[in-house]
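J.: Chains as they are written, first to last, in my numbering: chain A, 1 to 346; chain B, 1001 to 1346.
Fair warning: there could be bad hints in the mix.
Stretch by stretch, here's where chain A covers chain B in the computed footprint (C-beta under 8 Å, at least three residues) [stated by the list, open to error]:
no. : region
1   : 1063-1073
2   : 1136-1149
3   : 1153-1166
4   : 1198-1212
5   : 1236-1242
6   : 1252-1261
If you're looking for bench data, these hints aren't it; they were derived computationally from the structure.
Each residue gets a CB set at the ideal place from its N, CA and C atoms; glycine is no exception.
2 protein chains.
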Amino acid sequence: MAEEPVKLGILGLGRWAKVLADAIQRSSRLRIVNSFSRSEESRQEFSLKYRCRVAKSYTDLLNDPEVEGVIITTPNDAHREPILEAAAKGIDVYVDKPIAHTMGDALIIDRACRDAGVVLSVGHSARRLKGNRKIREIIDQGGIGKLVMAEFNFSNDRSLELTPDKWRWYRDKSPGGPLIQLAVHHTDTLNYLFGPVKRVTAMAKRLYTPAEIEDVTMTLLEMESGQLCYIGSNWASQGTFFTHVYGMDANLYFTVDFNFWSQSDVVDLHSRLEIQPRGSSAHKTIALEQGDMLREQLEEFADCIRKKKKPEVGGSEAITALAVVYAAIRSAETGKAVELREVIEG
Amino acid sequence: MAEEPVKLGILGLGRWAKVLADAIQRSSRLRIVNSFSRSEESRQEFSLKYRCRVAKSYTDLLNDPEVEGVIITTPNDAHREPILEAAAKGIDVYVDKPIAHTMGDALIIDRACRDAGVVLSVGHSARRLKGNRKIREIIDQGGIGKLVMAEFNFSNDRSLELTPDKWRWYRDKSPGGPLIQLAVHHTDTLNYLFGPVKRVTAMAKRLYTPAEIEDVTMTLLEMESGQLCYIGSNWASQGTFFTHVYGMDANLYFTVDFNFWSQSDVVDLHSRLEIQPRGSSAHKTIALEQGDMLREQLEEFADCIRKKKKPEVGGSEAITALAVVYAAIRSAETGKAVELREVIEG
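Please work from the sequences and hints to get the whole structure.
T.: Given below as structure tokens:
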């Protein structure tokens, strides 16, 4: 294991870039060597803090012979161009969720990476929370019996602070508001836990945010497996993250303390998984170990680069997660149920 | 307070009749004096246990000069006839929720009681749970700020035990399955907490029950006030009852231990109300006193009889609660959002 760490460039040096850089510092298997952002101030601050080079341009970053892969944390509507440029140069890509802000961009990004034969890893880390891993294990072992339904929620009040200089303010850059920013975590996780979505119906309202986007959303999903799911996601109330899974033999209740969401080295310790067994209302705690969803996902990216492996969440999984968001947006607009197939096929 | 107890007859002597009779025994303000059921065995057992007379027929029960009001716990599709007969004789009526199994019957029942000037009290007791009363008080005092959204669930696995000799087996007698049996509790409570519903969308599936009815349902509701609500209700997983209310300043989480659902003299002690204040993920417990939702509602019925008062949940409130159920059934069938007005106006 005296292998050299995988050397990475990073584009977009805002808040989430730092969260990812912190996760990389916890690993011996990756290292950030070069960085770029349009903001001079962000470049200065980031390169000092993480002791990496600053490139003159994104193109220069990609041309750095040491750079083996690139991490992209630009706004959702600015994923396509840098990914296409990286793919054209044969550089492997890690991009934060959602894969893109439109289905069109998502399909172009996925196709370009496949055609170029580069890795595309999409940062859907929520499925790596120890609670979600444990839920999957319990379901696979038959621990809750046949699946009946599931409920998810991911909400916080961040839309209340939005200002017109933020990209999340705008419908064209952040369509669906909390659907594409928060609920998309669960749309990937429910695919991981229960398989593909068949049909979606949703409601979305703009109640309190000063921004253009909706701030209160609710989505119902019929799974191909038959069971029903609900995802609640708003951007106007206190931080909430939960998953309830109802089986014929037992129910599971998983909650995450949102205040630790971006501290993936301790978030599992601030989570709780409980089981309600048959015939009882008691909730028994199921022990969770502490993982590190962001570090683990980035280490998987390093593995994918070195061993040309497929990541757990690549283009097609991320397109599926985004398609559920788009089905919800379309259903909320039309008041009709939307088949997932209609969204994926255009 | 040395007032004579109000003397009641009771029709339909099954499980829920006994739950109500137990509640009446805890009160000095009501007394069951006469009873009737089509089953000879039920009549024997009930009259022995609750030391009341047995009438030769329902008509004889109503003709009993001592009977001031009647409690009706017949199946949902057998509410109309006995209520119309009672109204025609000027006897006040308490009927268990839902008011009827169809909107048509509900409207006829309400009209008949109004025309006859008799009390119609409908057993939507869930709003009287101390947790729901406290939630209302906290909202009214501005304790959670502006309303964002709410989530409700009421589920249990009772559809799995259904057999063709039970009326709940059949779509025409129990349309919507858990929607009309369980979710209807919440459709009244959300009206109580947040006011009228504007629009409904829903999904309903038949997954595991041997019966004709659906056993897994999810409903989204847009309220006239703007906020969104969700009601999950299935008849195939372990007993669950909760209400989450999300405000801009704080969230409320209310859960009831379903095993104590029919023991209304202790159910509040087996409930939990928690508040998650602004900026925190901590849930702080809010103390609840022990009430007795069924005894209190029946005592209100006694008051209404003696003082010709209007009950908290009369015909129009119960029709509203049923209309939400019917909007959900129609939406699940058509895949389209349904305006509540369409259902109420036919």
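J.: Please list, smallest to largest, the hint numbers that this structure does not respect.
T.: 1
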